[in-house]
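*Asks:* Spelled out, the chains give:
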Amino acid sequence: MGAKMVSFGGWEMPVEYSGIIAEHLAARTAAGLFDVSHMGEIEIRGPGALDLVQKITCNDAARLAVGQAQYSGLMTAQGTFVDDLLVHKISDTHYLLCVNAANQDSDYEYICSQNAFGAQVENAGSRYTQLALQGPRAATILQRLTSVSLDALRYYRFTFGQVNAVHCLIARTGYTGEDGFELYFSPEHSEAMWNALLEAGRAEGLVPCGLGARNTLRLEAGMCLYGHEIDNTTTPWEARLDWICKLDKGDFLGRAALLRQQQQGLERILVGFEMTDALIARDNCPVLANSKTIGRVTSGSPAPFLKKNLGMAYVPTATSAPGTEIRVGIRRHQARARIVELPFYKRPK
Amino acid sequence: MYPSEYRYTREHEWIKVEGSTATVGITDYAQHELGDIVYVELPKVGARLAASQPFGTVESVKAVSEVYAPVSGEVIAANDTLAQSPEIINKDPHGAGWLIRIQLANPAELSGLMDAAAYQAYLAEKSKEAAF
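Protein sequences, first through last, are from chains G and P.
Under this note's numbering, read the first sequence as residues 1434 to 1782, first letter to last.
Under this note's numbering, read the second sequence as residues 452 to 583, first letter to last.
Don't read these hints as lab results, they were simulated from the structure.
Don't take every hint at face value.
[Said to hold, decoys possible] Computed footprint of chain G on chain P, listed as stretches where at least three residues anywhere in the stretch have a Cβ under 8 Å from a Cβ of chain G: (1) 487-497; (2) 507-521.
[Said to hold, decoys possible] Quick list of the computed label-pair ranges, beta carbon to beta carbon: (3) G:Glu1774 / P:Ala534: 21 to 31 Å; (4) G:Arg1693 / P:Val496: 50 to 60 Å; (5) P:Glu469 / G:Pro1749: 51 to 61 Å; (6) P:Ala568 / G:Arg1729: 41 to 51 Å; (7) P:Ala568 / G:Tyr1588: 54 to 64 Å; (8) P:Pro558 / G:Arg1764: 25 to 35 Å; (9) P:Glu517 / G:Leu1699: 36 to 46 Å; (10) G:Pro1776 / P:Lys542: 26 to 36 Å; (11) P:Pro505 / G:Ser1524: 52 to 62 Å; (12) G:Arg1729 / P:Met452: 36 to 46 Å; (13) G:Ser1619 / P:Lys579: 30 to 40 Å; (14) P:Met452 / G:Glu1632: 26 to 36 Å.
Owing to the predicted nature of the structure, the values given are computational and were not obtained by experimental measurement.
Even glycine gets a Cβ: it sits at the ideal position worked out from N, Cα and C.
With the hints as constraints, model all of the structure from the sequences given.
*Replies:* Quick look at the structure:
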């Protein structure tokens, strides 16, 4: 395949195939196929399953219908992130959590430590592989390999069915800002599924995409990455994830701290910015005001589709309004940038 | 692939000497490792470079890489077309993608650099290490 590989959490992962720019543009205009087999899966079963999910996450899993997925946060008692995750409701007594690769084992132990509900918790990562098919042509391509009606599968819904004669959980979810699907299935079918999808999408312009394009696509779409925009020092309010934080759902880990922060107000908040000088902000660059550090870039990169140099950063709430001019310390420069609304990119409806 | 009249560094720069001046760029290996190059920062004409010291920056979508002076000298030209079209380095790293021209300060330093055969042996050794 000619992929450039990198070691990541014990996995050998492809960074890029044909080049990050070409892969990024293909996912925006046609389709991209991502090997995301490193993602972790944790299953929670039993009569106490919902109670456990509600205790550990900040979004309201009680609102989920069977066959619905929800973006959420796994919370500390301080209202910060242990991880971010997707919660899939398979039945009233069965939830599948998709978590970050690097956090899988610690998430599992953390969830077990909070299990006062008699739920069965399974660290199921080794039973699943995951491929993501993303882009405006994704549905057309996937429909060639399945009899499941994809038209009937709405955004953030999932179903079970055969894809290329393999039993899959087919979810209309993704991490690119595009329409698309994430397929969960047994790892022994990985290679055959990868090849079948690429073949089915050849005429549509489907290309294999690596972790490099996955990162530029999610950044352009203004999505958070654990370890960058969110971690165990940041809260959902600070990360502008209010929409996944439901204080009215009943008690959960971190709720009291989050309520307190909501009442007291935020000292800092996540913003998006675009560079106005021709320099590229990178992760961990300082955000400067009057030559003093007022914040830190959490992710920074060229954005291949928008053709701008973009970033996200935590800044004091007082200097977070769109249009505010900021400076980013890049090598010896104090480069100019402007705060803009998130997300940077929104797909056309 | 690697011109025999060039000399090479362990940091993957090349230098092509013509009399008392030389052209400097990054190697095909370096551009391939970096991927799509999107930004280049080069010194001004007149800047004095010390051997093995960083003189500029080449950035791809995913990485920032400093470039090092193969030998000492004074910058007599910088490749201005790279400001608008940095991808030239990906397409023609040993030719149109050159970075700077310098007036050599101490030509004896050239003897410390690798020739094309030695550089390719060095790359082969690196890829063997990576395989383990």
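*Asks:* Each of the hints needs a verdict: does it hold here or not?
*Replies:* So, going through the hints one by one against the coordinates:
1. 487-497: holds (count 4)
2. 507-521: holds (count 6)
3. G:Glu1774 / P:Ala534: 21 to 31 Å: holds (29 Å)
4. G:Arg1693 / P:Val496: 50 to 60 Å: At 59 Å between Cβs, range holds.
5. P:Glu469 / G:Pro1749: 51 to 61 Å: holds (55 Å)
6. P:Ala568 / G:Arg1729: 41 to 51 Å: holds (46 Å)
7. P:Ala568 / G:Tyr1588: 54 to 64 Å: Given range 54 to 64 Å: holds, Cβ gap about 57 Å.
8. P:Pro558 / G:Arg1764: 25 to 35 Å: Since proline 558 of chain P and arginine 1764 of chain G have Cβ atoms about 31 Å apart, the given range 25 to 35 Å holds.
9. P:Glu517 / G:Leu1699: 36 to 46 Å: holds (37 Å)
10. G:Pro1776 / P:Lys542: 26 to 36 Å: holds (33 Å)
11. P:Pro505 / G:Ser1524: 52 to 62 Å: holds (59 Å)
12. G:Arg1729 / P:Met452: 36 to 46 Å: This hint holds: roughly 42 Å between Cβ atoms.
13. G:Ser1619 / P:Lys579: 30 to 40 Å: holds (35 Å)
14. P:Met452 / G:Glu1632: 26 to 36 Å: Holds, since methionine 452 of chain P and glutamate 1632 of chain G (Cβ atoms, about 33 Å apart) stay within the stated range.
In the structure shown, no violation is registered for any of the earlier numbered hints.
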